[in-house]
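Note that the protein sequences, when read in sequence, are chains A and B.
Here the first sequence is numbered in full-length UniProt numbering, starting from 1 and rising by one per residue.
Here the second sequence is numbered in full-length UniProt numbering, starting from 1 and rising by one per residue.
Treat the hints with care, since some could be wrong.
To be verified - Some chain A residues near chain B, calculated using beta-carbon distances under 8 Å:
| no. | residue |
| --- | --- |
| 1 | R38 |
| 2 | R41 |
| 3 | L129 |
| 4 | A169 |
As the list claims (entries may be wrong) - Chain B is nowhere near these chain A residues, computed Cβ spacing over 10 Å in every case:
| no. | residue |
| --- | --- |
| 5 | R4 |
| 6 | S270 |
| 7 | L272 |
| 8 | E280 |
| 9 | A281 |
FYI, nobody ran anything at the bench for these hints, they're computed from the structure.
Note that beta-carbon positions come from the ideal geometry of N, C-alpha and C, so glycine has one too.
Protein chains: 2
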Amino acid sequence: MSERHQEFQSLLKSNAEAVETLLAALLSGDMQTDEIARPERLLAAMRHGVLNGGKRLRPFLVIESAALFPNVERDTALRIGAALECIHCYSLVHDDLPAMDDDDLRRGQPTVHIAFDEAAAILAGDSLLTLAFDIVAAPETRLPDATKTALVLALARAAGIGGMAGGQALDLAAEKQAPDTDGIVTLQAMKTGALLRFACEAGAIIAGAPENERATLRRYGETVGLAFQIADDLLDLTADAQTMGKATGKDADRGKATLVSRRGQAWAESRLQALVKEAEALLAPFSHRAGILIETAHFIANRRN
Amino acid sequence: MSERHQEFQSLLKSNAEAVETLLAALLSGDMQTDEIARPERLLAAMRHGVLNGGKRLRPFLVIESAALFPNVERDTALRIGAALECIHCYSLVHDDLPAMDDDDLRRGQPTVHIAFDEAAAILAGDSLLTLAFDIVAAPETRLPDATKTALVLALARAAGIGGMAGGQALDLAAEKQAPDTDGIVTLQAMKTGALLRFACEAGAIIAGAPENERATLRRYGETVGLAFQIADDLLDLTADAQTMGKATGKDADRGKATLVSRRGQAWAESRLQALVKEAEALLAPFSHRAGILIETAHFIANRRN
Numbered sequence: 001m002s003e004r005h006q007e008f009q010s011l012l013k014s015n016a017e018a019v020e021t022l023l024a025a026l027l028s029g030d031m032q033t034d035e036i037a038r039p040e041r042l043l044a045a046m047r048h049g050v051l052n053g054g055k056r057l058r059p060f061l062v063i064e065s066a067a068l069f070p071n072v073e074r075d076t077a078l079r080i081g082a083a084l085e086c087i088h089c090y091s092l093v094h095d096d097l098p099a100m101d102d103d104d105l106r107r108g109q110p111t112v113h114i115a116f117d118e119a120a121a122i123l124a125g126d127s128l129l130t131l132a133f134d135i136v137a138a139p140e141t142r143l144p145d146a147t148k149t150a151l152v153l154a155l156a157r158a159a160g161i162g163g164m165a166g167g168q169a170l171d172l173a174a175e176k177q178a179p180d181t182d183g184i185v186t187l188q189a190m191k192t193g194a195l196l197r198f199a200c201e202a203g204a205i206i207a208g209a210p211e212n213e214r215a216t217l218r219r220y221g222e223t224v225g226l227a228f229q230i231a232d233d234l235l236d237l238t239a240d241a242q243t244m245g246k247a248t249g250k251d252a253d254r255g256k257a258t259l260v261s262r263r264g265q266a267w268a269e270s271r272l273q274a275l276v277k278e279a280e281a282l283l284a285p286f287s288h289r290a291g292i293l294i295e296t297a298h299f300i301a302n303r304r305n
Numbered sequence: 001m002s003e004r005h006q007e008f009q010s011l012l013k014s015n016a017e018a019v020e021t022l023l024a025a026l027l028s029g030d031m032q033t034d035e036i037a038r039p040e041r042l043l044a045a046m047r048h049g050v051l052n053g054g055k056r057l058r059p060f061l062v063i064e065s066a067a068l069f070p071n072v073e074r075d076t077a078l079r080i081g082a083a084l085e086c087i088h089c090y091s092l093v094h095d096d097l098p099a100m101d102d103d104d105l106r107r108g109q110p111t112v113h114i115a116f117d118e119a120a121a122i123l124a125g126d127s128l129l130t131l132a133f134d135i136v137a138a139p140e141t142r143l144p145d146a147t148k149t150a151l152v153l154a155l156a157r158a159a160g161i162g163g164m165a166g167g168q169a170l171d172l173a174a175e176k177q178a179p180d181t182d183g184i185v186t187l188q189a190m191k192t193g194a195l196l197r198f199a200c201e202a203g204a205i206i207a208g209a210p211e212n213e214r215a216t217l218r219r220y221g222e223t224v225g226l227a228f229q230i231a232d233d234l235l236d237l238t239a240d241a242q243t244m245g246k247a248t249g250k251d252a253d254r255g256k257a258t259l260v261s262r263r264g265q266a267w268a269e270s271r272l273q274a275l276v277k278e279a280e281a282l283l284a285p286f287s288h289r290a291g292i293l294i295e296t297a298h299f300i301a302n303r304r305n
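With the hints as extra help, turn the sequences into a complete structure.
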């Protein structure tokens with residue numbers, strides 16, 4: 001393992017620990033202003049769905065895209081990252097439900113509806129989604145109100161019918177009728193792409209950066225989003241369940257079409273390398289400050305679990 | 001029917017129509033900035049869950065509490081009311097699911113998971129919850145960013161684990177183990193009270209009113225919230241399914257304790273009248289401008305469906 005790669009892994013790990021610590025605090029029994037009670041079992045279900053030692057890639061992207069700009073407090077970016085992670089985790093909790101993807105296992109642990117019950121999983125997801133907007137708007141998030149409004153709007157658009165939730169609807173429909181290639185591209189841009197794009201754009205929003213830099217980070221986010229999805233589909237095709245900590249080969253079992261299953265492994269590997277080059281080119285204006293985000297693109301394209 | 005009562009009913013109706021029109025526009029096929037696609041079937045499920053001719057009591061409270069203040073545009077209050085209604089409707093869609101209250105019928109129509117399927121109902125609820133925050137933050141909502149931030153925070157707290165979602169968790173738990181009287185009060189304050197309180201407080205937030213007026217409208221909201229719940233429990237005990245357009249007597253069937261089942265119909269009726277008096281007293285500082293909100297308290301306490 002190269003030194004640069006080791007440094008990256010250690011940064012990923014320290015960020016993930018900071019995210020985990022903040023999320024644990026946000027999901028403690030401490031009530032916030034205006035809250036009437038925090039029912040224990042629901043709180044436990046939320047914690048189960050969130051505090052599971054994930055890689056915290058989305059918060060990492062928020063924190064490191066914000067770190068491109070000298071005026072951003074790291075703790076502030078961390079809070080926005082934690083809000084985004086609440087949305088990501090809620091989507092996993094709901095997607096795992098029997099009526100959706102029906103998964104019993106995630107990261108080697110029972111999913112929320114298995115560890116608790118379906119009602120608890122539905123409500124834990126709902127509460128995590130709601131908490132995300134709470135975190136952005138809360139006074140502890142030290143950002144101008146105009147920035148908070150922009151973040152709420154961008155996050156809602158990324159997560160809602162026009163983004164992630166709509167993508168999950170398309171994904172379920174795809175099991176019944178296989179989409180064409182354009183359909184797969186739209187589905188993936190929504191289901192996984194929208195949150196990853198938000199994660200990268202969020203850095204520029206938090207910094208109050210000019211529109212051209214915001215657009216650049218959006219495009220970087222779209223590029224790593226595409227890479228993430230191709231790497232994921234490739235892993236589903238080639239990895240085994242033990243490495244992944246979850247069921248694999250499920251796409252094929254369900255006859256679910258992916259770009260990788262349509263075009264093959266060689267195409268996927270070459271496309272991944274092209275996307276990494278594209279991400280590097282996009283980040284050129286940020287010169288040496290972009291080192292970590294470039295490394296991130298490599299990591300996303302080459303990850304093996 | 002008194003003339004005043006007729007005027008009130010006609011105002012309730014015209015507000016509900018305005019809310020319905022706005023919600024239909026927000027749930028049209030027109031994509032918003034940053035949205036990638038609006039999958040048709042999911043959109044149809046969202047519309048089914050929202051555009052069902054409800055009384056729109058919560059938006060009414062937002063609009064009429066905002067109308068206490070001369071500086072508020074009615075259209076702006078309407079948008080916040082519509083956002084709140086999205087939250088209310090999402091909660092009904094999720095509460096009706098088989099894993100929760102398992103209801104097939106709402107307002108005489110099949111519930112979303114019956115008309116579509118469970119996955120669509122879960123995703124429609126998720127998307128409506130997300131849309132609520134989108135509406136508040138969107139540029140079409142002409143409010144200062146500080147006001148939007150305050151609304152997002154108050155709405156999230158009212159809807160999340162410390163409010164409505166937490167209340168639903170307690171309600172499900174109550175079917176297994178009957179809570180004591182304090183437990184019932186907390187459950188109801190969360191499950192239905194929190195959104196009603198927000199609805200009334202929202203008028204003052206939208207207006208940028210001073211803290212004492214905000215506190216007054218909060219207390220008014222708590223008071224009509226209590227009245228709403230007692231009237232609801234009373235109706236469940238006494239009304240028939242045809243008048244209600246939904247199953248009744250369900251609380252008793254489930255052995256679910258309410259304050260009304262514990263203390264009886266006479267207590268409930270006298271308590272309702274006391275709450276109306278309390279609401280009137282709270283609104284005294286707004287003098288003649290408070291006529292509609294006073295009428296609303298009477299309406300909530302005396303409703304028969």
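Item checked: Those earlier numbered hints the structure runs against, lowest number first -> Structure breaks no hint.
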